[in-house]
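**Student:** Taken in sequence, the protein lines are chains Z and R.
The opening residue of the first sequence carries number -4 in our numbering; numbering runs sequentially from there.
The opening residue of the second sequence carries number 2 in our numbering; numbering runs sequentially from there.
Hints are computed from structural coordinates only; laboratory data are not their basis.
Cβ pair distances, simulated, as ranges:
| id | chain 1 | residue 1 | chain 2 | residue 2 | range |
| --- | --- | --- | --- | --- | --- |
| 1 | R | Glu21 | Z | Asp12 | 38 to 48 Å |
| 2 | Z | Arg399 | R | Asn64 | 42 to 52 Å |
| 3 | Z | Ala13 | R | Arg59 | 33 to 43 Å |
In this text, a Cβ means the ideal position worked out from N, Cα and C, and glycines have one as well.
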Amino acid sequence: MSPRDRRAARRAARPSDAQTRELDALDAALARGNAALARGEAPQAGADAELARLVLAVREDHPPLRPAFADELGIRVAAGFPRRSGRRAPDASGLSGRAGHGGRLARGRTTSGPGQGWGARRQWLVGLGAAASLAVGVVVVAGVPSSAPSSGSSGHARSSPPAVGSAANTPSGALSSSPGGPAASPEAPAGGPASASSSTGQVTAPATAQSIAPPLAPAPTGAAAARAVESDASLSLLAPRGQVQHVADETIAATDRLGGVVESSHVSVDDAGGSQATLALEVPSSALDRTLAAISSLAHVSSRSQDTQDITDPTGAARQRLAESRDERVALLRQLGRATTPNQVAAIHGQLGLVDGRIAKDQASLKALVGRAQSASVNVTIAETARPGTGGSGQAGSSWRPGRAVDDALGVLEACFAVLVVALAGLVPIAGVAGFGWWAARLVRRRRRQGALANAA
Amino acid sequence: MISAISPPRAPVTADAGWFEELYRSSLADVHAYVGSLLRDAAAAEDITAVAFERAYRRRVIFNPARGSARAWLFGIARNAALDELRRRRRSASLLGEIAADEPAVDDEEQRMRHDTVRAGLERLEPAQRELILLKFHAQLSNAELAKVLGCSVSNAGTRLCRALERLREACDVTA
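Only chain Z is shown next, with the shape it has when bound in the complex (with noise of 0.2 Å):
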């Protein structure tokens, strides 16, 4: 429709000089029916006389009003229309009172009233749609922390390869492969053909293992249950003034006792406040989560950082080659057994010596990944908090000081807008789902009645 179009079939709809007139003289009839209504007379004779005794007779043909009715409806209007004990609202059940003020229930008509039926199916509409509003906010809430970037305590997590969840299923984050799967073990010495046939195994993770899940890895999944995954993490201690040397002591000591190892260490004491230790362990992956719990109890935790690297594909890639190795190691040996000259004895001898060195490359090289997915290196460094005053951000500083209080309640802040975010996230779908459901149920609904109008022609 052209613009044109438009405004002409506005101009129609627009009422012309003659209806607004005509309108004008059916409020006035209308006013005038009321009072020969009230009155009891007919319409006097005059240009609008037809036009009043139209209205009149329009307004009286209807089924006249029983003053019990009247009488009834009028107490329940005086009451508030009090609810009916084990009975819904009114509202919602349509009829309530038409037995009392001779409806038609009382007219023996048993059937459900008006409304009835279409309550009935509002609250499963309601129920239902809610139900949906709520499944997709929590399909868009589910989705927000898979695709939001982790964090941890630290507050700077690293990145993460995909398959870093295979961390926290394999309990120990140590090599595992499939069971059933060809799994060399890379201690297997390479002998004889029936010590290479017979080296394949499976290295698997200590049952006993207990894992907790990283703080900082997904959540495990049955998929990911075979990966080779290597973990490091480091952990900034703030101990109190004069505790760093004894915090280090604690620290090697809960580390022997879950059996890892100090690779390195390094402490500086300084008596003017200075004094700081640096540690670089080496535990057991399986043990990687209690050992960091236990240093984080020993101080105050400034920072922790965890990282994972998911090896499995070098480990495979490893292992296949070592495998493929013993095949041919195996192949020589039969050929060694057929062979008829010492030429023929010296080649494949030459060829074997080949094949054992590759051999022994591959299982170092095998070793190396198991041993970086059994084991979990851990820095930690100790560090002396900062005096009262000084600006420093520890255990000692904690009286109150403006600017600290300003800060903490920066964070407040900040955690509570991250958190409305999130709600709103979650809310935001959901207020939409509703209100276009809102929105479609009254079309509906207008519809059905327009048509209900239609039908009863």
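For chain Z, the structure is supplied; the task is to place chain R on it using the hints.
**Tutor:** Leaving out everything else, chain R in the frame of chain Z:
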């Protein structure tokens, strides 16, 4: 003309005084409108009661700035009546069940006029008939009619004029 009911503009309290006043001033018209629309005395009472009860339950959300209480009440009554029509699927004539509930008319001339008007109403399209009934019984302004019907004010006026014209023609034909 019908006096306007003025509910409190401030937050509507539980005080139902204005509602009782609305009830007293509108009961007869609501019942007449619903009865004319449904042509069933029992259903008219039922729907009238439902309309007032719904209005009472929703009185706290009534906003005087959006229209008069009378228009709001007739909107509720109209929806209740149309819901009843839809529920009953009365494809038969709306005017078929009135025989037992006809108003008592002694005057022969008046009875003939009623018959003529009723036949004229029957000749109208349902939407036009409903518009006539709503206008004549509720006596709403065109703006209030538009609010109830969900159309523009000018559209409501135009439709009303056309319906009135059709009614006159139908009555002339019947007479």
